[in-house]
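K.L.:
Relying on the hints, combine the two individually framed chains into one complex.
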Amino acid sequence: MAKQPDRRPDGLGGYIVHGVPFPVERDPDSLAFLKRMAPLQIEQDYAITYLHSYGQDSPWFAAASNKVLLGTRDANSGYTYATPRGHDMFSGKETDWIDLTDRPARIHAFTVCFFGSEEFLPETPFVLALIEFDDVNTLFLTRLMGMDPEQASLDWIGLEVKPGFLRNSKLKPTDVYFTPA
Amino acid sequence: MRPVYALSGGVSKFAKARPDKTFQAIVKEAYDYAIEDLGLDFEAFTALVDGSVASYFSDHFTRQLMAGIMAQDYLGLCPKPSHRVEGGGATGGLCFQEAWKSIASGHMDICVAYGFETMSHVETWKGNEFIALASDVSFDYPVGGFYSGYYAMMVTRHMKEFGTTVEEMAHVSVKNHINAFYNPYAQKRSRYTIDDVRNAPMVAWPLTRLDICVMSDGAAATILVSEDGLAKLEKAGAKISRPLVRVSGIGCGTDAMRMSDRPHLDYETFMRDYATEQEKSSGDTQSYYKKLWDHGTRYPGIHSFRAGRTAGNMAYKQAGVTDPLGELDFIELHDAYTSSEIQTYEDLGLCRYGEGGPFAASGKAHMPGIDYGMKLPEDPACPINPSGGLIACGHPVGATGLMQAVFALWQLQGTIKKHFNDGKLQVKDAKRGAIHSHAGTGTYVTVSILEGEG
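Sequence lines, in order, name chains C and W.
In this text, residue positions in the first sequence follow my numbering: the first is 2, and each later residue adds one.
In this text, residue positions in the second sequence follow my numbering: the first is 78, and each later residue adds one.
Worth flagging that the hints you see were computed from the coordinates, not collected in a lab.
Because the structure is a prediction, the values reported are computed rather than measured.
Check before you lean on any hint, since a few could be wrong.
The calculated label-pair distances, taken between Cβ atoms and stated as ranges, are [stated by the list, open to error]:
| id | chain 1 | residue 1 | chain 2 | residue 2 | range |
| --- | --- | --- | --- | --- | --- |
| 1 | C | Thr125 | W | Lys452 | 32 to 40 Å |
| 2 | W | Glu311 | C | Thr125 | 26 to 34 Å |
| 3 | W | Asp97 | C | Thr102 | 55 to 63 Å |
| 4 | C | Asp11 | W | Tyr151 | 29 to 37 Å |
| 5 | C | Leu122 | W | Arg268 | 41 to 49 Å |
Facing chain C, a subset of chain W residues (Cβ under 8 Å, in silico) [what the hints assert, rightly or not]:
| id | residue |
| --- | --- |
| 6 | Glu206 |
| 7 | Ala229 |
| 8 | Met236 |
| 9 | Lys237 |
| 10 | Asp338 |
| 11 | Leu342 |
Where a beta carbon is used, it is the ideal one built from N, C-alpha and C, also for glycine.
Pulled out of the complex, with its shape left as it was, chain W reads as follows (with noise of 0.2 Å):
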């Protein structure tokens, strides 16, 4: 397969409504971005790009069938091709490796991967029935769907088989939110305490409001590209920002979209078919895991993200990574909950199972440079969402994998700064990092690893 690059992104405002423009004009405002960024006028552009990806999760939220071609449409990307791809909250994710597939495959040589939603046009709670259709709708969505109360099923889980606490997960809430002070893309820019999240309105025991994500209307483009395109593109003129920024690992994982049909491996099974290559080469934590299994743990139950270790450890393999702690500079990754967030340290392998909690509360996870109220125990080692992650962005669900993609993507161009007006958020000496993009009660999720050359 070619060599895959990710050269431009743009993101619009993530807001709690945009009545003021139609999704295909909000699309326009992140595709513009990514083009100005280029340095190429709209034109120059469209006579060059091959084709696209379009990536929105809902057709209840928008009422509209088949709007990614009117999205398309309004680009002005006819007649090139282009398809939709969704997958619930990984939507975003699953498109831009549409996009890489399309670019390393030779099918293209420049491809657009651009998402969307706006999920303003209901109330809060119609929209929580829309999202909560996407678990069985036979055995799941009738008995209460809601998906504050999956994860929160989740957690208790959690809580119960590893001793994980409330504060723990608000550390999260309190570092994702702070690091979106600095983020003018984000919806929420608050300052919050500890204290803050726990004694905001309870939604589903034990996550409060602040544990949880919020809905958005927004939308975010990425442009792809091979070697051969990268060439067009600076023939016609484009300002290619250097380092390039490659994409150099995919992977994708699944699961059941019923939690309760989860599997309870055992612990041969769980280290032959899922431990990390780190794992599977550490004896302290093999006996680690022993224990954990002698107290009844099972995989992945309920507590863990099976499709996101399966999505790590095949996107690591292919990038070379076999220390995600230590080889990644930073990840972002999808936080729709502050509990999710530290079960995806754990399938990530930044931590072992059971650890995430005393992860998230270490400082490990966190921005240096920044003060986020409290005194944390370690110094920061990999930091996660240092944009401020989905709790504080917002989750306009096609649009965030890709937002995702474009805050990599300018960390990694070192361009943060720039496109922040603020260098706040920018990773000194960022050289890799990563992508997560993850769906349902963990059904799809994607992991992309993106690093600079030279």
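Just chain C, same shape as in the assembly (with noise of 0.2 Å):
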């Protein structure tokens, strides 16, 4: 029998408490007391929103919001990324845009994500991959659909996969997944 959870989940959220116990008296012993007083923990939201820019890899989201998948490389070295860059690490030289959609693709590294982040935990378990492609110099991560999480097998690396696209773009970089070819 698989192990059960011996504490009850617990987390922030509760009752607002008016009124908080201090002495009643502020003679030196009572202020004295003070320094053995237990902590006050207030609750505080933290929530902003940001405007992002994806600068000079935005033809890659626009891209992959009309089901294309496009990678980058250095004209003069022929070194290819799987995720883009505008500019090469080792020329400086600023990189071509180059379609990768159909192009040969493989697992090189995965793992099933069992919990996560919490904007990713409704998600869970969720299989992140990096992608490898021929003649391309550097991976890609993305996410992987189409296998089981509970049959997690080194047996996925090497697989050959390709890429599906979300029909309604939200313009991110899950916009592209991969599935077995």
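P.N.:
Printed below as a string of structure tokens:
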């Protein structure tokens, strides 16, 4: 039998309390007692709306929203990036866009996340994978679909995969995902 | 450059939560301990110290910008010079090296490196989210940003290429947790077995909860000095432990933020630019690596940290270390994951790339005289994380690298029993040790060598 949790789930949230215990008197003994007081903790909301720019990487997101997977390449050396870089890390020169949509691809490494950051907890378990492409020098991080998270196996590494695209783009890197070819 | 000595240090108790104090007051716990260990009072030390370097990782966790100056202020160090250092998980190691530079350059004679993190102010999964923001927010974080996931991907590749096993990884967890059993500063002091590690809840396959360090609140401080600084302190009445501990080498390396961008270099480039001196001089090792490359290994890929190898090689060169396993008496290294401890064995040249798994299970990295509840095939050679490391001590990010420095200092002073009230973790006759601090998926890595003089 799987190990059962031995504690109830715990977290923030609760009642707002009005009135905090405090000595009635303000004589030296009472004030000295304050050093033995348990700490007060309050909850504060912490949320922002942030305007993020994809900058020079913007064409990648425009392409993904049109079901095209782009990479970049240094024109002279041919060094090719699966995750786009605006400038080559060796020559320092501006790279060119190339189409990787139909490029043969395989799983280079993967994991199944059973927990995650708060934003992604509702999506667990999910499979993260780094994808390698023929004649491409770097990798691409993606979600892998069509694999049973409970059956994770090192045999998945090397498996041929192909890109799929969201029907309705979110302009995020998850607009593209991969499935077994 | 001038010789730099680590004289004293302090560590707050690392805990899941310290709501009893603000971050400044937690830093002061560690700072006061370091001063008291010199035998000086607060005012006497304040009059002599030239400045400081502050270390903390995340403004998100503190929800306070310029927290460094608030610690500086609380410690009574204003208006002396100070600045904040930030480099992810390596923040503490970078801070230690910044303080070293302040002394070595002649800019200061007495410098305090202090660091902290208070991670308990948000729930664990929000904390994971904050930490994952230390990955590319355009291409990595939105895919499922989660550091345990990133490290799990690295280890599946390590397992595939080199045959590393989950049981070998679990050896690291058992070792570090049992070491920490004797360390009163550690957050987790539990005895686990290999089965306990493997049966713990799966977090990111194949890493379980016991393969991964925990979030913490805590602080640490280290005092570094020049020879002139030492003389000033002794003149003021400080009782300085002998042997003196000199920081004899520092190294730092970097790599691309996105794991996907790491290069996959050929054998010749690896041997020329990254092999250790020991590897370069061994025909057997060269033929071993040639075979790996013939089977498709490329360097560093995602299975290795070239930042760690770069930092190690740089520090070894400065300190004159040519055989790290034979010449280092212990290492406190950044084991945020059991798998990354194994990867780091290889980066630091304790074994060859691909041999970290068997090394973990060999017994060479274990402490002598401690019952790990299992029979290990070899004798200890260089205890790794005698303190219990991040996995058991906890990882209040900005404090961690400085905690390593303090524990290493105490090892080399031979004062573990004094500070831990138990001498079980004292490495006998320790003369030279290393500390290793590591950020991101291997983006910043520092290695510093400390050695006792005389």
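K.L.:
For which of the previously enumerated hints does the structure constitute a violation, in increasing order of number?
P.N.:
Failing hints, ascending: 2, 5, 11.
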